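Engineer: Spelled out, the chains give:
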Amino acid sequence: MKNRKIYNRIMILRKEQGMSRAELAKIIGVNFQTIGYLEREEYNPSLDLAFRIADVFDVPVDAIFSSKPFPSLADLLRQRSKGLNNE
Amino acid sequence: MNKNINIITVRFWVMLTVICLFILITAYELGVNLGWTISLRIVSISSLVLSIISYVFGFFVTGLWKFTHNFDSLDEREIQLSGKILRLAYAIFTIFVMIIIYVFVLFDIQLSVILGAGLLLFAHLLPGAILAFSEKDLRL
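If you're matching them up, the sequences are chains A and B in order.
Using our numbering, read the first sequence as starting at 1 and increasing by one per residue.
Using our numbering, read the second sequence as starting at 1001 and increasing by one per residue.
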């Protein structure tokens, strides 16, 4: 069975926290290359690893991982400003 | 275990180990069946020395040996990758041994202890060799 692609926001969250790949890898107990694979969405993490990542950033798992592509930051900002204008 | 070693260097040492191992076995078989000449002795000894050196640099220094033999130090992606590589190595090794057995039976050649030991070592080297040649970036 071929795995479907799981999209994630690990890179954005990691950069937001000013964390290097090696630092994140050390915290969640994986090789730092695995972080690269995760960020490039070339590897789907196990549920355990997904929860460990979510714990590091203190956000729910579904805020980091999704089976559908996440909207870009620009799209989110556009939607938000449209919503504010409508109000 | 973050070793930043050039993949070309890793591939060179791995290739050298495998080639020297085959030269060593071939030289031994020729020596036993056709008689030991000085050149055969030199080839055998130099390939033995080279295979040991390249084995240390290609498999131990780079961490390739650990990757295919010590699963406790691997994360889940690496375990998944090594599982895939071990399956491929098993398939290649099985076909390789079957060909050798057929050739030896066909030409009525006896299997020697050195060949057996060489094949055993090859079985352990093959997963690491596949890993070195299938991965673009190896930082084990």
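Calculated from the structure, these hints are not laboratory results.
The reader is advised that the hints may include incorrect statements.
To be verified - Below, simulated DSS-like cross-link-like pairs (lysine-lysine); rule was C-alpha separation at most 30 Å, straight line: (1) 2/A x 68/A; (2) 1066/B x 82/A; (3) 15/A x 5/A; (4) 15/A x 1136/B; (5) 68/A x 1136/B; (6) 1136/B x 1066/B; (7) 68/A x 5/A; (8) 26/A x 1084/B; (9) 5/A x 26/A; (10) 1084/B x 1066/B; (11) 1084/B x 5/A; (12) 1136/B x 2/A; (13) 82/A x 68/A; (14) 68/A x 1084/B; (15) 15/A x 26/A; (16) 15/A x 82/A; (17) 1136/B x 82/A; (18) 1136/B x 1084/B; (19) 26/A x 82/A; (20) 1066/B x 26/A; (21) 82/A x 2/A; (22) 1066/B x 68/A; (23) 1084/B x 82/A.
What the hints assert, rightly or not - Some chain B residues near chain A, calculated using beta-carbon distances under 8 Å: (24) 1072; (25) 1077; (26) 1078; (27) 1108.
This one's a predicted model, so the numbers in the text were calculated from it and none came from an experiment.
Quick reminder that beta carbons are idealized off the backbone N, C-alpha and C, glycines included.
Engineer: Compare the structure with each hint and give your call.
Structural biologist: A quick look at each hint next to the structure:
| no. | hint | result |
| --- | --- | --- |
| 1 | 2/A x 68/A | holds (17 Å) |
| 2 | 1066/B x 82/A | violated (55 Å) |
| 3 | 15/A x 5/A | holds (22 Å) |
| 4 | 15/A x 1136/B | holds (25 Å) |
| 5 | 68/A x 1136/B | holds (28 Å) |
| 6 | 1136/B x 1066/B | holds (18 Å) |
| 7 | 68/A x 5/A | holds (8 Å) |
| 8 | 26/A x 1084/B | holds (25 Å) |
| 9 | 5/A x 26/A | holds (25 Å) |
| 10 | 1084/B x 1066/B | holds (16 Å) |
| 11 | 1084/B x 5/A | holds (19 Å) |
| 12 | 1136/B x 2/A | holds (22 Å) |
| 13 | 82/A x 68/A | holds (23 Å) |
| 14 | 68/A x 1084/B | holds (27 Å) |
| 15 | 15/A x 26/A | holds (16 Å) |
| 16 | 15/A x 82/A | holds (27 Å) |
| 17 | 1136/B x 82/A | violated (45 Å) |
| 18 | 1136/B x 1084/B | holds (16 Å) |
| 19 | 26/A x 82/A | violated (41 Å) |
| 20 | 1066/B x 26/A | holds (19 Å) |
| 21 | 82/A x 2/A | violated (39 Å) |
| 22 | 1066/B x 68/A | violated (37 Å) |
| 23 | 1084/B x 82/A | violated (49 Å) |
| 24 | 1072 | violated (12 Å) |
| 25 | 1077 | holds (5 Å) |
| 26 | 1078 | holds (6 Å) |
| 27 | 1108 | violated (47 Å) |
Checked against the numbered hints given earlier, this structure breaks hints 2, 17, 19, 21, 22, 23, 24, 27; the rest are met.
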